[in-house]
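All chains, full assembly: derive it from the sequences and hints.
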Amino acid sequence: MGCPTLWGRLLLLPLLLPLLLLFPACAFAQGCPAECQCNPAQMVFCISRRTHAVPQGLPPDTANLYLFENGIRSLSEDSFVGLPALHLLDLSQNEIASLPHHVFQPLPGLRNLDLSSNQLRRITNESFRGLHQLERLYLHRNQIQHIHPAAFEALPNLLELKLQANQLQAVPPLHLPALLLLDLSWNRIGALEPGTFQVPNLESLKIAGLGLHRLEEELISDLQNLHELDLSDNLLAAVPSVLPRLRSLTKLSLAGNAHISQLLPGDFGALRNLQELDISKLNLHSLPEGFFGAFPRLKAVTAAENPFNCICPLSWLIAWASAGKASLRRSKETRCHFPPKNAGKMLLHLEYADFGCPATTTVTPTVKATSPKLATPAPSSEQASPEPSTPSRVPPGESSPTATPFTFLQFLPRPGRYLCPPHTCLNGGVCQLDAQNHLECVCPLGFSGLFCETQGPVTTAASLTQPPTPPDPVVVKHVGGTSLKVDLQNYVRSKSPLRGLRLTYWNLSGPDKRPVTLSLPASLPEYTVRALKPNSSYRICIGPLGDKAHEEDLCVEAQTAQATQQQQQHHAPVTQGPEASLTLVVVPAVAALLLLVAGVAIVSCYVWRRRRQRRQRKAPGPSPLPPPASVARGPDPLELEGVKACLEKGDAAGPAQKTAAEGAPNGLECEVPLMQPPFPGSTTPRLALPSYF
Numbered sequence: 061m062g063c064p065t066l067w068g069r070l071l072l073l074p075l076l077l078p079l080l081l082l083f084p085a086c087a088f089a090q091g092c093p094a095e096c097q098c099n100p101a102q103m104v105f106c107i108s109r110r111t112h113a114v115p116q117g118l119p120p121d122t123a124n125l126y127l128f129e130n131g132i133r134s135l136s137e138d139s140f141v142g143l144p145a146l147h148l149l150d151l152s153q154n155e156i157a158s159l160p161h162h163v164f165q166p167l168p169g170l171r172n173l174d175l176s177s178n179q180l181r182r183i184t185n186e187s188f189r190g191l192h193q194l195e196r197l198y199l200h201r202n203q204i205q206h207i208h209p210a211a212f213e214a215l216p217n218l219l220e221l222k223l224q225a226n227q228l229q230a231v232p233p234l235h236l237p238a239l240l241l242l243d244l245s246w247n248r249i250g251a252l253e254p255g256t257f258q259v260p261n262l263e264s265l266k267i268a269g270l271g272l273h274r275l276e277e278e279l280i281s282d283l284q285n286l287h288e289l290d291l292s293d294n295l296l297a298a299v300p301s302v303l304p305r306l307r308s309l310t311k312l313s314l315a316g317n318a319h320i321s322q323l324l325p326g327d328f329g330a331l332r333n334l335q336e337l338d339i340s341k342l343n344l345h346s347l348p349e350g351f352f353g354a355f356p357r358l359k360a361v362t363a364a365e366n367p368f369n370c371i372c373p374l375s376w377l378i379a380w381a382s383a384g385k386a387s388l389r390r391s392k393e394t395r396c397h398f399p400p401k402n403a404g405k406m407l408l409h410l411e412y413a414d415f416g417c418p419a420t421t422t423v424t425p426t427v428k429a430t431s432p433k434l435a436t437p438a439p440s441s442e443q444a445s446p447e448p449s450t451p452s453r454v455p456p457g458e459s460s461p462t463a464t465p466f467t468f469l470q471f472l473p474r475p476g477r478y479l480c481p482p483h484t485c486l487n488g489g490v491c492q493l494d495a496q497n498h499l500e501c502v503c504p505l506g507f508s509g510l511f512c513e514t515q516g517p518v519t520t521a522a523s524l525t526q527p528p529t530p531p532d533p534v535v536v537k538h539v540g541g542t543s544l545k546v547d548l549q550n551y552v553r554s555k556s557p558l559r560g561l562r563l564t565y566w567n568l569s570g571p572d573k574r575p576v577t578l579s580l581p582a583s584l585p586e587y588t589v590r591a592l593k594p595n596s597s598y599r600i601c602i603g604p605l606g607d608k609a610h611e612e613d614l615c616v617e618a619q620t621a622q623a624t625q626q627q628q629q630h631h632a633p634v635t636q637g638p639e640a641s642l643t644l645v646v647v648p649a650v651a652a653l654l655l656l657v658a659g660v661a662i663v664s665c666y667v668w669r670r671r672r673q674r675r676q677r678k679a680p681g682p683s684p685l686p687p688p689a690s691v692a693r694g695p696d697p698l699e700l701e702g703v704k705a706c707l708e709k710g711d712a713a714g715p716a717q718k719t720a721a722e723g724a725p726n727g728l729e730c731e732v733p734l735m736q737p738p739f740p741g742s743t744t745p746r747l748a749l750p751s752y753f
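If you're matching positions, the sequence shown starts at 61 in the numbering used here and goes up one per residue.
Mixed in with the good hints, there may be bad ones.
[Stated by the list, open to error] When the alpha-carbon atoms are kept at most 30 Å apart in a straight line, the in silico DSS-like pairs for lysine-lysine are as follows:
id : residue 1 : residue 2
1  : LYS405    : LYS341
2  : LYS555    : LYS573
3  : LYS545    : LYS593
4  : LYS405    : LYS359
5  : LYS405    : LYS385
6  : LYS311    : LYS359
7  : LYS593    : LYS537
8  : LYS545    : LYS573
9  : LYS311    : LYS401
10 : LYS341    : LYS392
11 : LYS537    : LYS573
12 : LYS311    : LYS385
13 : LYS341    : LYS311
14 : LYS555    : LYS537
15 : LYS392    : LYS359
FYI, nobody ran anything at the bench for these hints, they're computed from the structure. None of the values given here were measured: they were computed from a predicted structure.
Here it is in structure tokens:
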């Protein structure tokens, strides 16, 4: 059913009103080619078609035509005939190898042409004939090797030209007065001749990856409207001197120029409008303090993949990053390369103390006791320091007379191969190898430290000619009347590793010269020998524990001080003679024996007395009255066992027969032992006697 028929029926049949919404699509679909999509906005999408040619029968009012990924291999002069309203043509990602003459001449209103990712090899002076309104031309990612000098003369309104990622070895002069963006990156252009860029209004220039060794000032000095300049991944050895003249720059990239090893604020001049700076992947070991202060409008910095020396001269960068005036992009890739203790660490994770800055000290002149002259003070910063000369290699085992070397913890696999990063040694220091093939900074006269960063007093030649005095292995630090403190640190350092120490000492002044040997741990820094005789000479020797031979022991002699009277009264010698030792052993033994004999005599006397009292009780006759002094003599032993003697005149009676009411003398009870054995055949039980054994 045709669309005009449907319109006639709508006048008669109001019930078919919803079909009216389908009319525009129906009318437009009549000119839409197969395998394409058309919509009312004059846009046609022919994507990933199975045919390899430009579709025919396109709507004549098409404004935007997308033909990418169609596998188109060739174009003809009539490929785009009948499309006078076309503004955008996308032919990217096809297989087009050449452009016929006048192929785009039927498109006078075309403004955007995308031919990227094809197989074009040449651009002729007829390739873009008739495109007077063209504003954007994309030719990147082709195989273009040659461009005719007049190829772009018919494009007076061109704003963007992209030629990156081709095989160009030269670029013809570009006369494009309206051009704003030009991208020539990643070609084989080794040099750009002056006069190449006749583009006075250019705002963005990208010439990355061309292999440029230098950038002539005449090439871009007239580009005063330039806002973005990409010089990344070239072979520049220094910052181009033309940069200070480009005062309109807001974005600058020097990334990937590995020969640039130093940046100075003067290299950029007054780029006060700079907002983004990329100095990543250079060979920077440091940045001068306050480097980013030359760019007051800076918003983002990229400094990743640089071999930074995270030492004191770079510590200012932490304070700058903490201020937050600009962001540090790719911070996880901005890491330290040197020294080894900071290698691999993220720069923003370090603190000020990690940079090893020396503490501020004040050097004051000193006066020698034997000389009235003052020692030479350290030279001030205003005084001119002598020009440092390149030091020679120092033979093993000798010290340099003009330097204070410090060995790094970086090992070189082969002698002569210097891996020390440039500018590591400061103040004129020279990086070289020591006898163990380790890197070291040989500092000039008047400087010292790990990187020659500390300025100190000048060492005189007389003091340098004298060989250093080795420390004594055994030193007596403190002398008392009865003690000597021995320093063991020097011996342990010279003999490490040690399992332990053996310390032997004996008296050289007294008659008893027997040695006393002690075993000490190797970790003991010092030991005090005590209980010595005052005013006596002692010999002290130290050797390794477990070594039976004493020939290699290191010995020292020391004299104890004169003891005071109180120390003489309480002094006890370390060793005793035979007589004194015998006395100390026999006297306690005799005393213990005498105590044992006395105890046996007392017990025997007591037992004899008790037996005598028991015999007196068994004898006939009246019991004698207790003596009046019985109270004074204390309780009877029987009372201690819980028994009281019956004081009634006559025989003893049990508690059941005699009580106080029955006439017990003095009204006292008569008690029996707390424990008594039964006597079944006797009415009068016998008292149980206590047992003491």
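Against the structure, the hints:
1. LYS405 x LYS341: Roughly 17 Å separates the two Cα atoms, so the pair holds.
2. LYS555 x LYS573: 28 Å, holds
3. LYS545 x LYS593: 14 Å, holds
4. LYS405 x LYS359: 24 Å, holds
5. LYS405 x LYS385: Given that 30 Å is the threshold and the Cα spacing comes to 23 Å, the pair holds.
6. LYS311 x LYS359: Holds, at about 10 Å.
7. LYS593 x LYS537: Judged against 30 Å, a Cα distance of about 18 Å means the pair holds.
8. LYS545 x LYS573: 20 Å, holds
9. LYS311 x LYS401: Violated, because 35 Å separates the two Cα atoms, which is more than 30 Å.
10. LYS341 x LYS392: 14 Å, holds
11. LYS537 x LYS573: 23 Å, holds
12. LYS311 x LYS385: Answer holds: LYS311 to LYS385 is near 17 Å, not above 30 Å.
13. LYS341 x LYS311: Roughly 17 Å between the alpha carbons, so the hint for LYS341 and LYS311 holds.
14. LYS555 x LYS537: 20 Å, holds
15. LYS392 x LYS359: Between LYS392 and LYS359 the Cα gap is close to 18 Å, so the pair holds against 30 Å.
Checked against the numbered hints above, the structure violates only hint 9.
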